[in-house]
Each structure stands twice: as C-alpha cells, then as structure tokens.
Amino acid sequence: MSEVLFYAFAAIAVAGALGMVLNLHNTVAAALSLVGTMVALGGLYVLLEAYLIGVLQILVYAGAIVVVFLFVVMLLNLRRDVFPAGRQWMTKGLALGISLVVLVRFLRLVPGSFGEPAALPEGFGGYREIGARLFTDYVLAFEVTSLLLLAAMVGAVILAKREPSEPDGDPRTPVSRSEAS
Amino acid sequence: MQGEFVGLLLLLALALVIAGGFLLLHRLLSPRREFAEKLLPFECGELQIVSPHQRFSVKFYLVAMLFVLFDLEAVFFYPWGALFRELGGYGLAVMAVFTVPLVVGLVYEWRKGALEW
Amino acid sequence: MTEVVLKLLFIVLVVAGGMLPLITWIERKQSAVMQDRIGANRADLMGVTLLGLLHPAADVLKLFSKEDVVPEGANRLLHLLAPVIAFVPALLVLAVIPYGGAYRFGDTTLSLVVADVDWGMLFVFAAGSIATYGAVIAGWASNSNWGLLGSMRASAQMISYEVTMGLSLVGMFMVAGSLRLPEIAAFQDQSFRLLGFLLHMGFVEGETLPFHLDLLRLPMWGIFLQPLGFLLFLTCIMAENKRPPFDAPEGESELIAGYHMEYSGMRFGLFYTAEFLEVPVIGAIVATLFLGGWAIPFLSQETIIAFVAGGFGEGFATGLCLVLHVLCFLTKVAILIWLQMALRWTLPRFRYDQVMDLCWKMILPLSILNVFVTGAGILLVEGVIS
Amino acid sequence: MIEEAVALSGILFAIGAIGALVRRNVIVVLMCIELMLNAVNLALVAFSRLWADATGQVFVMMVIVVAAAEVAVGLGIVIALFRNRESVNVEEVSLLKW
Chain A
1 MSEVLFYAFA
11 AIAVAGALGM
21 VLNLHNTVAA
31 ALSLVGTMVA
41 LGGLYVLLEA
51 YLIGVLQILV
61 YAGAIVVVFL
71 FVVMLLNLRR
81 DVFPAGRQWM
91 TKGLALGISL
101 VVLVRFLRLV
111 PGSFGEPAAL
121 PEGFGGYREI
131 GARLFTDYVL
141 AFEVTSLLLL
151 AAMVGAVILA
161 KREPSEPDGD
171 PRTPVSRSEA
181 S
Chain B
1 MQGEFVGLLL
11 LLALALVIAG
21 GFLLLHRLLS
31 PRREFAEKLL
41 PFECGELQIV
51 SPHQRFSVKF
61 YLVAMLFVLF
71 DLEAVFFYPW
81 GALFRELGGY
91 GLAVMAVFTV
101 PLVVGLVYEW
111 RKGALEW
Chain C
1 MTEVVLKLLF
11 IVLVVAGGML
21 PLITWIERKQ
31 SAVMQDRIGA
41 NRADLMGVTL
51 LGLLHPAADV
61 LKLFSKEDVV
71 PEGANRLLHL
81 LAPVIAFVPA
91 LLVLAVIPYG
101 GAYRFGDTTL
111 SLVVADVDWG
121 MLFVFAAGSI
131 ATYGAVIAGW
141 ASNSNWGLLG
151 SMRASAQMIS
161 YEVTMGLSLV
171 GMFMVAGSLR
181 LPEIAAFQDQ
191 SFRLLGFLLH
201 MGFVEGETLP
211 FHLDLLRLPM
221 WGIFLQPLGF
231 LLFLTCIMAE
241 NKRPPFDAPE
251 GESELIAGYH
261 MEYSGMRFGL
271 FYTAEFLEVP
281 VIGAIVATLF
291 LGGWAIPFLS
301 QETIIAFVAG
311 GFGEGFATGL
321 CLVLHVLCFL
331 TKVAILIWLQ
341 MALRWTLPRF
351 RYDQVMDLCW
361 KMILPLSILN
371 VFVTGAGILL
381 VEGVIS
Chain D
1 MIEEAVALSG
11 ILFAIGAIGA
21 LVRRNVIVVL
31 MCIELMLNAV
41 NLALVAFSRL
51 WADATGQVFV
61 MMVIVVAAAE
71 VAVGLGIVIA
81 LFRNRESVNV
91 EEVSLLKW
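Residue numbers (my numbering), protein chains in the order written: chain A, 1 to 181; chain B, 1 to 117; chain C, 1 to 386; chain D, 1 to 98.
The shape of chain A in the complex, shown without the other chains (with noise of 0.2 Å):
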C-alpha cells in the first residue's frame, strides 16, 4: 500500500517538477505544477513518517510560497511571456550535459548504500519531538530566524514600494489604471 502511494507521490513529484521547467509560455501554470510537486512531497514526507513537516509543507510550500510566485506573475502581467529565441546554446548545452551526468552519477551511487532503516520511537515526526528539540537544543538557531525573518521584511518593502512621491494609483482602488500597458 505504502509502496504504491510513494511511486504515485514521486510520480507526480517529478511530473509537477517538468511540467514547471517545460512550461515555456505560461507562468501561471508553471506555478501551479509546482504546487502539485510540493503537495506530492508532503505526501512523502508522511510516508517517511514526518508528519509534522509533511503538513507544514503544505502549509507553507504550496499556500504561502507559491502563492506568492503567483502573485507576481499576475502583478507583472506575465500572461504570456514569449522571449526572442535563445541564444548561447553552447552554455545550455553544457549546464545540462554537466547536470545529467552528475545525476547518473548520484543515481549510481545511491542503491544498497544505506542499511537497514532504524526503529522509530514513540511518537517520532509528531510536533512534540520536533518543537522538544527546536525549543532546546537549536533555540539559537530558531531566535535567529526571527531576525531572519525581519531582514527579509525590511528588504522586501524598500525593493518593492515607491516613495509616497512616486504615482501608485488611487489609493482607494487596488487596480492601478496608471500602469495598465
């Protein structure tokens, strides 16, 4: 049963991973593939007995991360967005040579490399263990996310906002007519 949810998780995994790199002229969907990839992983993660962030990555991955993606897409109008045609195949020839190989290699290297998976303890992969550990042996790390967090806050507002000076529509109304293209 296990065996045939995780081939069906990784099916979709990695169908939601090509469909978001193959996608060459939609964004929007682009996006959403990849909400399908992190939804299977939480999945996974559930299979592999991580409860706790098979639901947070749901959570966060697929509602809030991406949806911001998504946002942006729809904020810059990328509806369609049709580049010229590429240039510098040599390059991208040679990334995705180099990463192909890498990956054979990986893959080579993985079977039989591993023993036999430890048992669990009580309760492993519950929010009980993991907060445990988070708010005792890694709080430094955890407080510093905090300040993580407000740096990202801090940047992300001086990036994207205008000066009050600057036209940014009516405030009143959420659609800038001044920018329409």
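Pairwise CB distance ranges (calculated):
id, chain 1, residue 1, chain 2, residue 2, range
1, B, E37, C, G47, 35 to 43 Å
2, A, G93, B, L9, 41 to 49 Å
3, C, F105, A, A119, 27 to 35 Å
4, C, Q354, B, E37, 35 to 43 Å
5, B, L28, A, E143, 56 to 64 Å
6, C, E72, A, L24, 17 to 25 Å
7, C, F307, B, V17, 39 to 47 Å
8, C, F372, A, A151, 19 to 27 Å
9, B, R33, C, S253, 27 to 35 Å
Keep in mind that the hints were calculated from the coordinates and are not lab data. All figures in this text were calculated on a predicted structure; none of them were measured in a lab. Idealized CB from N, CA, C, for every residue including glycine.
We have chain A; now place chains B, C and D onto it with these hints.
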C-alpha cells in the same frame, strides 16, 4: 499512525469523484447553443474596453510578502503553543525574544505605509 | 477499514447530503424573515411545497440544465480546474473534525473521527491555504476584468486572514496543550471552578473551597478560557469564507459576482457548494475548539456512563453516551450556523480597505498580545485549569 | 523506500538545477531554486527516517524559513527590476556583467 491517513486519502478520492462527476454529468446534461456574442467576457453588455491583461498595484505583492513571513512566524507558534505547559516560563521567554523582531517589523511596515490600502 | 468507510459515509451523508441542502433553504428563509418577506415557497411537486423545502432540489436540477459556457480567451484547462480546487479542500476538512469522543465497547475503542491525525488543526489551515488557489485561478483563467479584480481581492483577503486565523488560535493550543482536535475536544469535557485560582495561589487555606464557592463552575470551554481568541477566530474564519459582511471580493454592487462571474451551470455550482459547505464546516471547527465539541456541559463522559451503567449495563450506557454526544455536537453546529446567518443578514459589507485594516492593524496585534497574556495567565494561575 | 526517496531527491534537484540554468524568466529561475531547496528537504527527511533522528526535520524547518525569506526578497528584486527595465529576462539584466 499511517493508518490514520487512509481516511484522509479516501475522502480526497471521494471529493475528487464528486467534483469530477458533477462536472461530467453537467457536460452530458447541459444544452449547447454557443454563438460568438455569448462567449464574450461579461462586461455589462459592452465589449471589453480595458484588457484584463494589465498590471496590478504593488500592494498585493506587499500583502503576499507579509503573509509569507508572518505565516512562518505562526508556524513556529503552533508547536510552541501545544508544548507550552512543558516549556513553562523558559518557553515564554524564548518566544518573547522571537516575537520582538517581528513586532518591530510590523511596526516598520505600518510606519512605511505598507499596510495602507 | 470498514470502520473508516462507515465514519466517512456518516459525515458525508450528514453534512454534504443533509445539512447542505437545508442550509441553502435556511439561508433563504432566514433572510426572508429578517426582511419581512415570505421567502422561498414556489417549487412544488404536484401541489406539495413543503414550506419551500423542495427548492434545494430544484436548484440542483437548474444548475445541471444550464449551458456550460467557457468565455472566449479563457484558459480552458485552468477554468475547469478552479472550481475543483475550491471544492475539494472544503470537503477534506471534514476528515479531521471529531463529531464524538472515544468510546470503549469491550476490547475495542471507537473514536468518532475519520482521521485522528497528530496535527488536525494544521491540516485545516493547510486546506484553507490550498482553497486560495481556487479563487486566484478562477478569476485569472476566465479572461474577465471583473473576475480578475474579484480574484485578486479574494486571494489577498484569504491569505491575510489565514495568518491571523492561526495566531488567534495559539492561545487555545496553549490552554489545551495539543494540536490534535479530538484531544482539544476531550479536554473541554470537564468543568472548572471560577474561583479555583484563590486556592492555587494560596489565598484560601486548606485543600478545597467552601461548598458554595465550589459550586460556582463553568464548563471548560474555549469560549470561557479564551474569549478574545474566540472573537478573533470567528471573525477570521468568517472572513476566510468570503461571505457577507466580508464579501468585498464578490460584492454584487461593485464587482457583479467577483471571481466566479464567468462560471455557469455546475462549474458555478461547485463554487457555490464549497461556499455553503464551509458554513457547517466553520460551525464544526468553532464548536470543536471553543464550544466543547461533543461535550455536554457539566456532564462528563464518565459521569454519564457511571450513572446509566448502574441500571442498564456498560455497553448500553456507552452507546447512549455516543448518541447524546453526536446530537450535542450537531446542536452546537446548528447554533453556529444560525449565528453565521444572522451576522450575514445583519451587518453591512465592509469596504475593502477596512477588511485589510481590520486584519493587519487590529486582529494581528491583538492575537499576538493574546498569546502572551494567555502564557502569563497560565503560568500565574495554573491552578484554575485542572 | 529510503533509497528511492534519496534518488527522487537527486532527480528533483537535477530538474531544478537544469531549469535554473536554462530558463531565462527570472521568476521561473526562482521557482527552480525553490525546487532545489525542496529536493534537499526530501533528502534530509529521508536520512532523518534512516537514522530515526529528528534533527533532520528541525533542519527542514530552518530551510523552509530561508526559502520564504529568499522568495520575499528575490521577488522584491524582480519587481524593482521590472519597474526599471520592463523585463523579466535574466539575459537583459546584465548590468553587473560589464
């Protein structure tokens, strides 16, 4: 524990079947009398003057960005809240230290006008 | 396995099959009563109208017989996918909500929840965040100005209230000490002494309170332990459902219908079903978290079983308890559905900037404050709870 | 199942890396970077299961935070770029390549 997820998967399958079945049944039952005017996007009986392919105000990005960052804050709050009894006063202090920068960030956004609509 | 299937069928039949049609009828009847009208009473089957109870069936038939229009220039695949994405999470949430406690029949324990997962409440949040995509894609895929405006408003509102919805609940997690919904519900199946903190902080000598003060009790429900959390959470979860007074994304008078404007027939029907499905789901979540779930006030499970088992035997007592608990839960859900309807027809629509201000400038700071006040409170008067 | 999970993480990482190198839409490049971070998360979870040690899962939480911060700032940069150059093509944003 994984047995608990059988119910979730079954309900997911059921929901997909219901939704798909409804759409399929509708497809089979509904009449089809299409003509060009009917297929136009609804604009109070007029042709579209402004294309919907236009850019949006950056406010939506700012809200989305704030959402992601505060959502992560909340993600750390959930297990902390459930473990609060075990952590006690130490936990409260840890979380206070964690929250201060985020409150500073919120005040900063507020003063910068990123929360204005 | 069969047990899971039976529980699944029960909730789907009760909620989706029973409550859902009833709610559309109640909505119309209640609005009629509040506006001094008669309300839905025309649909009849050979002269029988049943107070308009045939209207839900007529609505479904009508939706099926409408033409399936996909507007020109729409993205056909995403246009089809959006209502499914909006509908599935709304139904999926039902799996983690306990509609009864855990009951021992001999050697087996029957727990009345489909999926007793460790992080039930986080699953509710995750499902809600997935539902955002339904709104975003619906407006974007249908190539319409109104639809796009509605979907941008809807998604910004939904993601904003998602954050505060989570944060306003942290206080309740702290009090109940769990993220697991059955545990939170079972925690509320007891009562506390209003003045118990006098004892625990050492103001009263001895082991127990005087008898008349000991009688002063309240059920240990979230609404009494977390009154602010209850108000904030109810506001947030109603805003998340985008029903009035938070219906700026689809305000009829400004955006016509918002993000599902270009939808007809059953495609629209799925959006409509999702929106109405969320009414009982919200009722069930709020009841479980703040109104004690299946718990009967002042009569805990042990009390009932111990009282009835004396005369009728253990098995009968447990069965009776099960039935009473499920009925109690459904009653609470019904009360909360009524509350949502009453609010929906009482309050005028918020302006969009007011919706966002309410979220980021009022509820967010208040919910963070609530967390720390609750924390300090628990540490100070730990004795009140227990 | 663990070996398969690690292999899958390698495949996803490779897809992400290829996409980040080949695609020219900045937003897609950022999405590919997210995919690579996710591949690493999958490997962390798989190894955490292998050794029955929850530390890997704590790391995953940290990676999630980093990913979110990266998205917020990265997309802020994209918006600022777009405002100045009306393009999201990485090849047109080569000012630093002088």
